[in-house]
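Undergrad: Chains as they are written, first to last, in UniProt numbering: chain P, 1 to 202; chain V, 1 to 202; chain Y, 1 to 202; chain E, 1 to 202.
The hints are simulated quantities; they were obtained by calculation from the structure and are not laboratory data. Since the model is a prediction, treat every value here as computed from it, not as a measurement. Just to be clear, a hint being listed does not mean it is correct.
Identical copies carry no separate label here, and so any pair may be met within one copy or between two of them.
In silico lysine to aspartate or glutamate, EDC-like type, Cα no more than 16 Å apart, as pairs [stated by the list, open to error]:
| no. | residue 1 | residue 2 |
| --- | --- | --- |
| 1 | K102 | E164 |
| 2 | K102 | E30 |
| 3 | K102 | E29 |
| 4 | K38 | D143 |
| 5 | K26 | E97 |
| 6 | K38 | E164 |
| 7 | K145 | E97 |
| 8 | K137 | E34 |
| 9 | K137 | E30 |
| 10 | K3 | E29 |
| 11 | K138 | E97 |
| 12 | K102 | D143 |
Number of protein chains: 4
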Amino acid sequence: MNKARLEAFSDGVLAIIITIMVLELKVPEEPTYEALLKLTPIFLSYVLSFIYVGIYWNNHHHMLHSVSRVNGRILWANLHLLFWLSLVPFATDWMGENHFAKSTLTVYGIPLLMAGLAYWILQTVIIRSQGQDSVLKKAIGKDYKGLSSPPLYILGIVLSFYNEWLSLSVYAFVALMWLIPDSRIERQITASIEEKHHKENP
Amino acid sequence: MNKARLEAFSDGVLAIIITIMVLELKVPEEPTYEALLKLTPIFLSYVLSFIYVGIYWNNHHHMLHSVSRVNGRILWANLHLLFWLSLVPFATDWMGENHFAKSTLTVYGIPLLMAGLAYWILQTVIIRSQGQDSVLKKAIGKDYKGLSSPPLYILGIVLSFYNEWLSLSVYAFVALMWLIPDSRIERQITASIEEKHHKENP
Amino acid sequence: MNKARLEAFSDGVLAIIITIMVLELKVPEEPTYEALLKLTPIFLSYVLSFIYVGIYWNNHHHMLHSVSRVNGRILWANLHLLFWLSLVPFATDWMGENHFAKSTLTVYGIPLLMAGLAYWILQTVIIRSQGQDSVLKKAIGKDYKGLSSPPLYILGIVLSFYNEWLSLSVYAFVALMWLIPDSRIERQITASIEEKHHKENP
Amino acid sequence: MNKARLEAFSDGVLAIIITIMVLELKVPEEPTYEALLKLTPIFLSYVLSFIYVGIYWNNHHHMLHSVSRVNGRILWANLHLLFWLSLVPFATDWMGENHFAKSTLTVYGIPLLMAGLAYWILQTVIIRSQGQDSVLKKAIGKDYKGLSSPPLYILGIVLSFYNEWLSLSVYAFVALMWLIPDSRIERQITASIEEKHHKENP
Chain P
1 MNKARLEAFS DGVLAIIITI MVLELKVPEE PTYEALLKLT PIFLSYVLSF IYVGIYWNNH
61 HHMLHSVSRV NGRILWANLH LLFWLSLVPF ATDWMGENHF AKSTLTVYGI PLLMAGLAYW
121 ILQTVIIRSQ GQDSVLKKAI GKDYKGLSSP PLYILGIVLS FYNEWLSLSV YAFVALMWLI
181 PDSRIERQIT ASIEEKHHKE NP
Chain V
1 MNKARLEAFS DGVLAIIITI MVLELKVPEE PTYEALLKLT PIFLSYVLSF IYVGIYWNNH
61 HHMLHSVSRV NGRILWANLH LLFWLSLVPF ATDWMGENHF AKSTLTVYGI PLLMAGLAYW
121 ILQTVIIRSQ GQDSVLKKAI GKDYKGLSSP PLYILGIVLS FYNEWLSLSV YAFVALMWLI
181 PDSRIERQIT ASIEEKHHKE NP
Chain Y
1 MNKARLEAFS DGVLAIIITI MVLELKVPEE PTYEALLKLT PIFLSYVLSF IYVGIYWNNH
61 HHMLHSVSRV NGRILWANLH LLFWLSLVPF ATDWMGENHF AKSTLTVYGI PLLMAGLAYW
121 ILQTVIIRSQ GQDSVLKKAI GKDYKGLSSP PLYILGIVLS FYNEWLSLSV YAFVALMWLI
181 PDSRIERQIT ASIEEKHHKE NP
Chain E
1 MNKARLEAFS DGVLAIIITI MVLELKVPEE PTYEALLKLT PIFLSYVLSF IYVGIYWNNH
61 HHMLHSVSRV NGRILWANLH LLFWLSLVPF ATDWMGENHF AKSTLTVYGI PLLMAGLAYW
121 ILQTVIIRSQ GQDSVLKKAI GKDYKGLSSP PLYILGIVLS FYNEWLSLSV YAFVALMWLI
181 PDSRIERQIT ASIEEKHHKE NP
């Protein structure tokens, strides 16, 4: 069972998620800059969520790259991840339209947290399917980013009860942390290919 | 005639169907939890339909996996299936917005029933195209899930005239029944590949 | 330059076109069958346009199948076709919402006619790019369907000034004419492959 | 790391961007030509933006064609390009709904300018990743189109403060300039393949 369709379907869903968020930037009726400036919070929340979905697409790309076979469990773990990501546009829009009100920052953290856990589940299911010599397991190594994200989302959720800007800063920090391209998997895969090559042609 | 485009197009349509349903979760104007909780029935109907579309994508993936050539009949049988699935977001939304009113549960059962029949038609068309040694035919075997789904949808439709919650339970039961990944086809394909291999290298 | 991306992009656009039409089936606010029945003209126009877009996807699939290389001209001729098809949802919705009023049937014929011409242009550009031994040229043969469609669309447009139902019948007739799967190209390609095979292994 | 998913994801996003713009052509409530004609500015701005997105898809297709490996930098440079293109539907709609008011032409130029710069960044990142013998670098040669576009967008933005039609003319001129299929890369790639072939089989 090959992974081409899993990737294609995920690409489709992620492409739609990332694009429908822009539909929430509703066109103001008047051709004035004042009317346009009122969209600032919606625009900023769009930028943040665009980066988040971009990160997920990017990491998904890297993770799946190390997979050669998929099974039913992987398919469902992947759908589970897409489910939580599909709620990001809703949370983004609610947050933007209400100018980052506290309750909206609490709610924004939930799909992020759940998607983070769903990503971790998917990763675990893949590693198990690969057995002992899992390329992915080696590749992620200590995975400090993956491990630190859920606690940070929880921190963001907790902070949102006290101060919306602190909460938002945490969410923005996690995004920036991931924005630095995840070269771990790339490097590891390159390394194991070279190692193999070396063994075969010493 | 290869199947790559059939898969790509179906993936695209299913990805859009699964994602536009979330557009019905209209953002409440106020940043309060009361306003958010009012969306509960729409959210629950979204979850149910997300699972249904996920099941169809999953099964479609497995079914097409056993196909090596497509013809005009298969293309149209596939479009027919996509047509009924395209009505799922509408029925989902009507059901959610009207808090699972009886008539909406009746209507929700119709695209499910028709998609179930369309899936069966597609399966039959593929089996015929594969001739006597159809891999798919062997793979589905007794196909108790495929055979029991349409009668269960009809049961759900009939029950919706008397009690909405009984009807909803039937629809949820069918979803759960399918959620258990369909390992039949996977196993059968693996088996027939090994069998072949064994014959050639005894 | 391979054709994979041309197909993927066209599949994406066609999948979106076919799916956004269903968004026009706006959910009635009341859970009554009366409210639902009011959507009948919108539903019927959706069915007709779903079939039309399905036909284009199907034929596009067959046509591109015979292509091995694409160039800039083919890319733009293809975008031109997609442009006219992208107007089908608009024309469909206007027709459905206005219960097949005469003017809406006139307008519905325009993207159909233009897409028909655009398809013919794309076909011509492909045939030219294939040179003298064009597989596609042989495959389409007399192409009575392709040649008769534009005059029939014009007939539908002209009739729409006098009687909306006659006009609609013409559009429905063209759809039915195409619905019969186009086995010409399929057969021709099979034939030429066998012919080659025969020559090489007489 | 192969480029298939990068292309698939970009195709998905571009297909959605090009198609959601047509959703802004809101169906008039009355079946009259007067009501339809009121949509003319929205339709014209749709045509212009359809051509722009088509150009980006086309050039993206050509540019990626010369790429054999992608890395994290390329993925993010590509997402950056898609971000600015995702704002084109918004700017298009605002411009169309306000009948090409001056301020809307100023704003329309911004995503065009930023997408032009993002395209140039992506191109630069790819050329660097290819090293000294970059096929893409040879292919684009003097790249007068790529170099002249950003200054022309800036000209369009500046002109929009004085006269909306002059500004629109500049944007339309850039679109026409690109519409002429970019045969440079195509030719160069063909040439370098032939050259290689010639060296190996003199």
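Undergrad: Look at each hint and say if it fits the structure.
TA: To see whether the hints hold, each was checked on the structure:
1. K102 to E164: The answer is within: 5 Å in one copy meets 16 Å, while 37 Å across copies does not.
2. K102 to E30: between (30 Å within a copy, 12 Å between copies)
3. K102 to E29: For K102 and E29, the Cα distance is within 16 Å only across copies (14 Å; inside one copy 29 Å).
4. K38 to D143: Answer is neither; intra-copy 40 Å and inter-copy 39 Å both fail.
5. K26 to E97: both (11 Å within a copy, 12 Å between copies)
6. K38 to E164: neither (19 Å within a copy, 24 Å between copies)
7. K145 to E97: Answer is neither: 30 Å inside a copy and 40 Å across each miss the 16 Å cutoff.
8. K137 to E34: Classified as neither: same-chain Cα gap 52 Å, cross-chain 44 Å, threshold 16 Å.
9. K137 to E30: Neither way: K137 and E30 sit 54 Å apart in one copy and 45 Å across, limit 16 Å.
10. K3 to E29: neither (46 Å within a copy, 41 Å between copies)
11. K138 to E97: neither (43 Å within a copy, 48 Å between copies)
12. K102 to D143: For K102 and D143, neither the intra-copy (31 Å) nor the inter-copy (50 Å) Cα distance is at most 16 Å.
Violated hints, listed in ascending order, are 4, 6, 7, 8, 9, 10, 11, 12; each of the other numbered hints is respected by the structure.
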